[in-house]
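> Since the structure of chain A is provided, determine the placement of chain B on it from the hints.
Each chain is listed here by its residues.
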Amino acid sequence: MDEKNMQINQEIEDISMYKKQSQFIQAWHRIRKNKVAILGMLILIVLILGAVFADQLAPYGYDDQDVMRRFTFPCREFPFGTDNLGRCIYSRILYGARVSLLIGFVATGMGAVGGTILGALAGYYGNKADNAIMRFCDIIQAIPSLLLAIAVAAALGSGLFNMMLAISIAAIPRYARTVRASILTVKDQEFIEAAHAIGASDARIIMKHIFPNCLAPIIVQVTLGVAGSIINAASLSFIGLGVQAPMAEWGSMLSAGRQYIRDYWFVVMIPGLAIMTTILSLNLFGDGLRDALDPKLK
Amino acid sequence: MLKYTLKRLLMMIPVLLGVSFVVFLLMYISPGDPAKMILGEMAEKGEIEALRETLGLNAGFWERYFNYMKDILLYGDLGISYVTREPVISEVMERFPVTLRLASSGVLVSLCIGVPCGIIAATKQYSVFDHVATLLSLLGNAMPAFWMGILLILIFSVHLGWLPSSGYTSIEYMILPALTLGTSSAAVIMRMTRSSMLEVIHQDYIRTARSKGQKESIVIYFHALKNALIPVITAVGLQFGMLLGGSILTETIFSIPGIGKLMVDSIKTRNYPIVQGGVLILAVVFSFINLGVDLLYAFVDPRIKSQYKGAKKSSEVKEEDAENGEEGED
Chain A
558 MDEKNMQINQ EIEDISMYKK QSQFIQAWHR IRKNKVAILG MLILIVLILG
608 AVFADQLAPY GYDDQDVMRR FTFPCREFPF GTDNLGRCIY SRILYGARVS
658 LLIGFVATGM GAVGGTILGA LAGYYGNKAD NAIMRFCDII QAIPSLLLAI
708 AVAAALGSGL FNMMLAISIA AIPRYARTVR ASILTVKDQE FIEAAHAIGA
758 SDARIIMKHI FPNCLAPIIV QVTLGVAGSI INAASLSFIG LGVQAPMAEW
808 GSMLSAGRQY IRDYWFVVMI PGLAIMTTIL SLNLFGDGLR DALDPKLK
Chain B
49 MLKYTLKRLL MMIPVLLGVS FVVFLLMYIS PGDPAKMILG EMAEKGEIEA
99 LRETLGLNAG FWERYFNYMK DILLYGDLGI SYVTREPVIS EVMERFPVTL
149 RLASSGVLVS LCIGVPCGII AATKQYSVFD HVATLLSLLG NAMPAFWMGI
199 LLILIFSVHL GWLPSSGYTS IEYMILPALT LGTSSAAVIM RMTRSSMLEV
249 IHQDYIRTAR SKGQKESIVI YFHALKNALI PVITAVGLQF GMLLGGSILT
299 ETIFSIPGIG KLMVDSIKTR NYPIVQGGVL ILAVVFSFIN LGVDLLYAFV
349 DPRIKSQYKG AKKSSEVKEE DAENGEEGED
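Chains as they are written, first to last, in this note's numbering: chain A, 558 to 855; chain B, 49 to 378.
Hints were generated in silico from the structure; no laboratory data involved.
All values derive from a computational prediction rather than experimental measurement.
On the chain B side, residues computed to face chain A include the following (Cβ under 10 Å):
hint : residue
1    : 76
2    : 193
3    : 194
4    : 301
5    : 323
In this text, a Cβ means the ideal position worked out from N, Cα and C, and glycines have one as well.
Extracted from the complex, chain A is given alone in its bound form (with noise of 0.2 Å):
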């Protein structure tokens, strides 16, 4: 008997591995047909690989001054000129890819993570959680995402940490509503019944069962969110409460280069591209993914 449940449960779990693996291939082919979202994936590998290897790929320091090289043109030597420091902007850039990205991924990921907890309770168990937890989301949401990272930053005071969880407390209400809403669709269905039935235990329902068909608006979600996310955290650092000098950030460069735009436009120019070209290609991205992923256009 036990042999052949554990051969059953085998089989159900062979069958669910090939129904998850497939529906990402699917997804996977069809976003490569979507020339428009790969050129953003493409972007965006570079830009994770430019912040990886920084450390090798940047000809100077984070930090290297020189008061004598202040301002240089973009060159041979330094690509993208020199700052009032006399630093490398383009090795800045490099480095501040790793600080955007990083606030940019790891804020995305703890409001996806709390939202993700809180979607679900409150769409699985319903009635009071369900009230209690969306009506927590309607307060956060009744303050506008950047004014709430701010408030919450200014209390904490600013830093690299505080400013993460600044910003993904604002991002935890639109996760909870996506994952709560796609949970509502799935709960009644016959095979969570049946999962009920022969005594799974709603830890494991949820996890086990629900959760993987929920999966796809959330990458979704969380993919356009890591642009929001570097968005909020370039602002933040550019009216001062993110990250601290000398430390390398997009935002913070902007804002310390704007007092010299009159003469040398490239101290504002390179930094405010390199946040547009990586919110566009996580958007292309993202918007490609959703046009995969949504089962509606299957």
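Quick look at chain B alone, frame taken from chain A:
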């Protein structure tokens, strides 16, 4: 309609209470002793202790929250600015019209650019204009507002010398800030208009209008636009919130004396009551704008109105769906 309005107003109360609690909590955990901040570092211990007592800082958390709410609701008192020692509410409200004007002109810019471009892109789908507009909207969406502002200053103030780069005295000082604020929203609204227009254009009643020989311009601007703009209204409401947040950056760049600049300056001097007061006021404004948008939505879309007369449950579900749909867009 009145019943719906009242219901929405009642639903706002717990949300606003929650917002005030969040703001209070943030103020509570802010570092530094308010009494010391008001009196300055040189103040004597006894003096500080006396002020702590008058400000009610020695009470427990819930008592302080209760007093805070009482002050707000009964006296409209949001605390005292650490720097000027003036009431927060008067400092914030003094700057409020400026921020509201800025955000409104941002919305105006985004509507004036977004809606027409969206319509043209939809009616001439896959044309050169469509492709260019879509590309521009992608770029506009990816451009952080503060960078946009700096670029506009670089082009129009520094190089061309047409418009002033900072300050706030006459209408021409508002042009660059409004453009800065409005651009990314224009991108969102354009995409929204385009997709909802495309959806509407392919419906039967449009074919009917065309086949009865109606002029194309009337079909587009009268028959189609009326329905296509309904989802755009919700997008505009959400954008208004983004713009209230974005005005903080825009005001900083252009040195406009609004709530945003006040808040940023206050962050630098650790003047927390102003920051939290500003957040509270802007959140309240945002909630009312959302309410207004929802009412307008119900007003222009007879389907929603009739739903509220009939089955209430289904309309709530629908409303939530619509909200969720919007969130995916930004």
